[in-house]
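> Now for the letters of each chain:
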Amino acid sequence: MLKNYFFLLFIFCSSQHGIGQKNIVVTFSSSDSNTTLLKQKNIEITKLIYYISNIELLQEDNKSVYISKQSYLIDNAINEETVLGLSVQEGLSYSHIRFQLGVDSLTNVGGALGGDLDPIHGMYWTWQNGYINFKLEGSSPLCPSRNHKFTYHLGGYQGIHSSITVVLPILNDDIHIVLYLDQVCKKINFVENHSIMSPSIISKMMMESVGKSFKSVL
Amino acid sequence: MKKAFIILFCIVFYSFCLSDLINLDIPDYFPEMTYDLSKNELNDAKIQLGRKLFYDPILSKDNTISCASCHTSYNAFAHTDHDLSHGINDAIGLRNAPPLFNLAWSKSFNWDGAINHLDMQALAPINDVNEMGESTVGVINKLNADENYRQLFKQVWKDTVTTEYMLKSLSQFLVTLVSSQSKYDAMIEGQLSYNVQEQNGYQLFKKHCNDCHTEPLFTTGGFAYNGLPIDSTLNDFGKGAITLIKQDSLKFKIPSLRNLSFTYPYMHDGRFQKLRQVIDHYTAIDTKIEALSEPLKKQIVLTSNEKVDLVAFLLTLDDHEFTKNKNHQYPREILNSNLKQTN
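In order, the protein sequence lines correspond to chains A and B. By the count of the numbering used here, the first sequence reaches residue 222 at its end, each step adding exactly one. By the count of the numbering used here, the second sequence reaches residue 766 at its end, each step adding exactly one.
Hints were generated in silico from the structure; no laboratory data involved. Incorrect hints may have been included.
The calculated DSBU-like cross-link candidates involving lysine-lysine, where the alpha carbons are at most 35 angstroms apart (straight line), are [claimed, not checked]:
#1 A/Lys73 x B/Lys581
#2 A/Lys51 x B/Lys669
#3 A/Lys139 x A/Lys67
Let the sequences and hints guide you as you build the complete structure.
Written out as structure tokens, the structure reads:
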């Protein structure tokens, strides 16, 4: 009896990962190489960590297929990259990738989780539950704070929903997505908002500007 | 013959279930649990690990404060006689430590509802500078460095110490803290009846209090502004500070009325020492306050005798079986066996 189960399990597993699946690599990196804004303005980035969840590919006919419903912690100090090895059903043609920047609200209320969602990664608020969707820390001479430091911890899943959806065109078989930090920093008012560590309208606005700073590259 | 087989099957099946079944003593008239046990199935070894963690000061920065420091089993896990609780270095917190029972029915935690799941609750005191002053990483590192805990997690969770397993173990212990053996419960079950005074108090309760402190848990689990003026030394705006919604300002979680004899002082900041003061507050509320929660906008009028009767009823919600339950107390036997192992 038990043997039969194993056999069924084997069939099930092989159908999941065997024939008909094609590997797809999604790479996330960050850059300021388009302009020299960060250098010009003496902006130093010391920490850049964020969550990417629910990655989908969009087909021509507006249908979509999930290639992952997980959340991934992307820890990208400047010019580093995170590579996600995923897979998709063969024979589909797709033109865009859609993903969530942050963690969805269901996951936020799902209790204790492990892996990338382990609160040990410092991406979880303990005084007011919820994941930090995006974290950017560093310094700018414009910040009137101690050591000119800025701290942006963007999150919130109730009242103010900070996670946002990003859609980008697919340019290559392997998808490469870059977060342009010069674009992010250009929109920040370092004088007035150097510390954001709880959900707010400003946090939500900043999240939206971060979402617009992702681009696909070849 | 057929019958015998069926009986035999039932016995085998029952004993199979029993081996892992944890009897939580949940009465029929309790609603369905909020906590999803299918995601964290109860198991005695996990409960005992959670219990050990609950009583272990290793969770605090300087290894002096455990969960039990502010939540003692003898007092329904409240911090009796402390308006605000104190953490490491005698730091004073913002609120009165609530009692712990029937948490599996709770939809949110903390007086302001900032915690959305029982699993995540422990991270709040662990990381709060005024409570345990630790960090999540710090605790996990300490537990992983401890031979005993490493072994226990390996035995119980088949893995190293992780945040998820630590939190789920604590939840398992907390889920077992069911308070359902008060005089009220015996009355509902028809095992005994109230005396005249208690019965009268029960009627008054149903008329004036049941909207928010709804039977049988004696809370809706919701939030309300009950007209308490803000304490300017604390400036605590409760749920409003979490949701940033104006209507939530000054709202606090509606606490259960079970075990009131043990959980004084009362209210979110422990401002009232006696139940009578609480009742006096509710009968003296200025019902014209706009932000007041709806049910309180109708003035509650009680005579002096009625107040006495109401208190008599409230005392029937004390659960002495719960406060005496040895399974909830300091796990002497576990710690002793640990000592033997380390020696």
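> I'd like to know which numbered hints this structure contradicts. Please list them from smallest to largest.
Hints that this structure does not satisfy do not exist here, as all of them hold.
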